[in-house]
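To convert, count from 1 in the sequence shown and add 20; that's the numbering used here.
The reader is advised that the hints may include incorrect statements.
[As the list claims (entries may be wrong)] Taking CB as the label site, the calculated pair distances span:
1) Asn-23 - Arg-112: 36 to 46 Å
2) Asn-181 - Gln-220: 43 to 53 Å
3) Glu-80 - Glu-206: 29 to 39 Å
Since the hints were made in silico from the structure, they are not lab data. Just so it is clear, the structure is predicted and the values come from calculations on it, not from any experiment. The beta carbon of each residue, even a glycine, is placed where N, CA and C say it ideally should be.
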Amino acid sequence: MNNVVSNKALVKNFFDLVLDYEPAHFLEVGAFDASTSIRAAKNLPNTKCIAYEANTYNFEYFKDKQEVLPNFSYEHLAISNHNNSVTFFVQRQKNKKKIKPIRKNNSLLERSDEAFIYEEISVDCKTLDSIHPHNETYCLWIDAEGKGFEVLEGAPNILKNTKYIFIEVEQQQFWKDQKLDTDVIEFLSNVGFKILAQDQEYENQYNILFGR
21 MNNVVSNKAL VKNFFDLVLD YEPAHFLEVG AFDASTSIRA AKNLPNTKCI AYEANTYNFE
81 YFKDKQEVLP NFSYEHLAIS NHNNSVTFFV QRQKNKKKIK PIRKNNSLLE RSDEAFIYEE
141 ISVDCKTLDS IHPHNETYCL WIDAEGKGFE VLEGAPNILK NTKYIFIEVE QQQFWKDQKL
201 DTDVIEFLSN VGFKILAQDQ EYENQYNILF GR
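Please take these sequences and the hints and turn them into a complete structure.
Have a look at this one:
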């Protein structure tokens, strides 16, 4: 049976391991306000910490509110398994009720719930392998709203030098055509990762800490 802990305990466990490991790079995919990368940058002065946020509204709102740290950057970029522009779906209305565009759960995928109306935004997209050196060490935090599997698919070389991964997964399709937790677990198991712990933050949606 996997070690199921609270979300707070899982995050602490992840950071304890990362701080002890001191990777050359800490990458956050689906950063929102980049608080996770900022936390890493403050505690790992010799680690390059980069936060990637695909939602244009989030990025424009938070980009000038970040603390200035020499080893931290906040980038407006989608991360997936290809290097092309992509459509980002911003929820703007559900059941005739307007939705503010600055939020955590917009995605490169439409929600499975058909009640949403979206604003579609074109965003640049890259793979992690295409923008980072392959021979340096990494730890990853992935909260990509249904696209975590594709983030991993685009990083086969990075993953060879990655020690720890914190990733959000789903047990059912919150987004259309998304990969589920079993797909992520199988993929990472096949490249040498093991589940160290997990939480159960929400119903059918949780986080897993992987290590190798």
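Each hint, compared with the structure:
no., hint, verdict
1, Asn-23 - Arg-112: 36 to 46 Å, "holds (40 Å)"
2, Asn-181 - Gln-220: 43 to 53 Å, "violated (30 Å)"
3, Glu-80 - Glu-206: 29 to 39 Å, "holds (37 Å)"
Consistency note: the structure conflicts with earlier hint 2 alone.
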